[in-house]
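Number of protein chains: 2
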Amino acid sequence: MSQKITSRSADYSEWYNNIVEQAGLAEHSAVKGCMVIKPHGYAVWERMQRILDDMFKATGHVNAYFPLFIPKSFFSKEASHVEGFAKECAVVTHYRLKTADDGTIVVDETAKLEEELIVRPTSETIIWNTYKKWIQSYRDLPLLINQWANVVRWEMRTRLFLRTTEFLWQEGHTAHATREEAIEESKKMLDVYVDFVENWMAVPVIKGVKTENERFAGAVETYTIEAMMQDGKALQAGTSHFLGQNFAKAFDVQFTDKEGKLDYVWATSWGVSTRLMGALVMAHSDNQGLVLPPKLAPQQVVIVPIYKEVEELQDISEVARKIKQSLEAKDLRVLYDDSDKQRPGWKFAEHELKGVPLRIAIGARDLANGTVEMARRDTKTKHVVPIAELETTVVETLDLIQTNLYQTTLAFREAHTFTVDTWDEFKEKIEYGFVVAHWDGTTETELKIKEETKATIRCIPLENPQEDGKCILTGKPSKQRVIFAKAY
Amino acid sequence: MSQKITSRSADYSEWYNNIVEQAGLAEHSAVKGCMVIKPHGYAVWERMQRILDDMFKATGHVNAYFPLFIPKSFFSKEASHVEGFAKECAVVTHYRLKTADDGTIVVDETAKLEEELIVRPTSETIIWNTYKKWIQSYRDLPLLINQWANVVRWEMRTRLFLRTTEFLWQEGHTAHATREEAIEESKKMLDVYVDFVENWMAVPVIKGVKTENERFAGAVETYTIEAMMQDGKALQAGTSHFLGQNFAKAFDVQFTDKEGKLDYVWATSWGVSTRLMGALVMAHSDNQGLVLPPKLAPQQVVIVPIYKEVEELQDISEVARKIKQSLEAKDLRVLYDDSDKQRPGWKFAEHELKGVPLRIAIGARDLANGTVEMARRDTKTKHVVPIAELETTVVETLDLIQTNLYQTTLAFREAHTFTVDTWDEFKEKIEYGFVVAHWDGTTETELKIKEETKATIRCIPLENPQEDGKCILTGKPSKQRVIFAKAY
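Chains as they are written, first to last, in the numbering used here: chain A, 396 to 883; chain B, 396 to 883.
The hints are simulated quantities; they were obtained by calculation from the structure and are not laboratory data.
Possibly wrong hints are sitting among the right ones.
If chains are identical, the list can't say which one is meant, so a pair holds when it fits in one copy or spans any two.
Unchecked claim - Here are the computed lysine-lysine pairs in the DSS-like style, where the Cα-Cα straight-line distance is at most 30 Å:
1) K582 with K644
2) K881 with K845
3) K527 with K583
4) K717 with K775
Put together the whole structure using the sequences plus the hints.
Structure below.
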């Protein structure tokens, strides 16, 4: 709280870093590229995990756990996968240290692994190698498994939550008897992500498919949801892949169908990560700090007593505890901050910084009037509320905040989405948000546009209207518009 | 289900492996020493996690996440810690692979780390290195943090759950202003473990302290809980360490107390791991498979329809679904297994193998009588229960099973605990269970006894009665008996 947050308009990137660190979400660790997720950040992530996990189970999935390490040779088995993943990764080469003659700790060269182990960047290979043992017949299908895990992708330039060498995520890996069922599964899980990001994180997203160039290494089709941040950039919030029979073929996973015929198994994988924490911060926060949607806030309401003498505090505490109790009976998460270490002004700023959606202040005068002062984090409006009406008002206001955050973010996105038809306009508008434009469908053009503007095709929207047009760069014929943006 | 479980008396070790694999708890992976935790095993572990996590939060702790990797030099900072942990570990030396001229994937030697990274075997060092930034004053204390994570300790001889190179665990790391408060914390968390293992896992434990020789590397005192398995061997179910100021001094973590004086911070750490899964299997299971205490069973009740014609199934299903609903309304976890892929006999055996505490079978004749057949997994007794009384009977019976498992395990331990006073008797009884005997208090004697009998001192019980006696091996004077056993 002694530090100051850089204003969002002055330096968006610094503003983001300030909030992540000062609100107690995460910080850089002593290990290059790895972050420490601090208690407040982890509490939000835990809420995300719990809700997503419930959604996965409601759609028939179970959890399991596969090894952290993957033998190097596994990556070579799926040709395009190795290009995408086996390059920038942590390689374990030895399994012992020893004390050298000079007393320092050194690697024991006699303890060298025959085959190096890779710290998993994603688990398709180790999981499909296991599925080979689990799947023989159509009776073993579908196999609907999810894993919560840490993964490592070596990064040179890192940003807290958005790009770190180690991050936390979930990865679903499912196996199916038919192509149709696998495609249906990958779309279903994309919809679970849409539900979570829109209705819990209060961030609107666009559903679409990735171009070939942006596809997951080893996928036949990559479905994605794309969100807009407050600087107009896109953030890929989750992906779901239809993997065809690629991994089944690479790991020789065949099954006997009802007619007794052998065929390769069809696969999907899908994941979201602690990157969502970055999206959450960037979508809603302001110059006072973090703004959390009530459904994800670890504390939804904080009650702060205002008093001079200790005797006053006793009366206030009695009422505050009753309020806390009555709100908790409504399944709300409530903190009564009666710590005497800090003054009310400090507490107000601290809970604003941490994004608590509602603050209730109670002083002696309030007690006399039978009212409290309720302050919204999102709009920063204050309301005097009779204690008798507080329970209902709090419940309603939290709903309003949740809706308001979504609507505000949606309105921002709409105001920063531009349908353009000329290259000059493209180059101008791409600095401010999403650009919806025609593209000739070639990777060559896609890469040229990226080279010139740093913008990528975020997705081809699902159920995209078809219309004749000309590619924004080459003028070649195009059947549909796609969404371009600079991205995190 | 096509396989057969080796009988417990014929080959205890094989019996254990059979149950773990056949009940779908875990299996060996393609990576030496690492296991795959299968869906049924992971579902039990999830219940354990959820319950422990609630207990940690109820005692004021919050979760956070620290990096998987630890710089090699960190281990050298605490002298005894490095001896215990930095030796058999996974060492990351490179951060990139490349495609060689012959098309194979090889380590890119140009991407060698300046300082090797160790995959965490435990996180004291990286956490105390972080705490240095977080702690300045007594206002920052106590710091009560827990982490759920995977850790790696390179093992040559592994056993599923009991000893694997990678395992899952939680590790609490707390920081305190005084020695007394830290000791109190380490004892409090030991009691949380006792509560969990006894009241949820239904496994009685002995609380005690470890001898100097068995102490955690870097601890001043290690508190432990020791459980007896069905072969009379001990299994250390959880430990809680009072770390004194060792790590604070190693990482220079000082704080200003209320009087403005600088002092080093006092520390604890405590943990339980997927090893508890091994304890759970070994404590209760039998020759038919896994036996799960109702409080931890992912499914507490399974309902199996008995029918010949599909028309019969419809009537049975209607009743079964009502029963399922009414039990779920009591917060019970119920599976209705109406799959037509397998016959009832197969299902009975399968759910027995998987340890479901109660089975309810419903056939057409039962419907006519308004009854069902209820079978207990622990005692294998069957009861005809009127449907009208089923809800109450199920709730009561699940309680009875939970209690029965605890009492049976306790009676077994009592029958296999021997107070002995001669070396001959010691050598005889140590083959069958715990031996309570006098010891002269020296590491030398402790190691000699281990060499001759493979038995270790499991603990010196807390509140141990003091009595004059003579060391079982050396005859030297002793003030108290300690607990010896062979151990996992």
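Exercise. Given a CA cutoff of 30 Å, do K582 and K644 count as a within-copy pair, a between-copy pair, both, or neither?
Worked result: Cα proximity of K582 and K644: one copy only (22 Å, versus 54 Å across).
Problem set entry | K881 and K845: within-copy, between-copy, both or neither at 30 Å Cα | within (9 Å within a copy, 66 Å between copies)
Exercise. Checking K527 and K583: alpha-carbon separation at most 30 Å within a copy, between copies, both or neither?
Worked result: within (25 Å within a copy, 46 Å between copies)
Exercise. Is it within, between, both or neither when you check K717 against K775 at 30 Å Cα-Cα?
Worked result: Cα proximity of K717 and K775: one copy only (25 Å, versus 50 Å across).
In terms of the numbered hints stated before, the structure departs from none.
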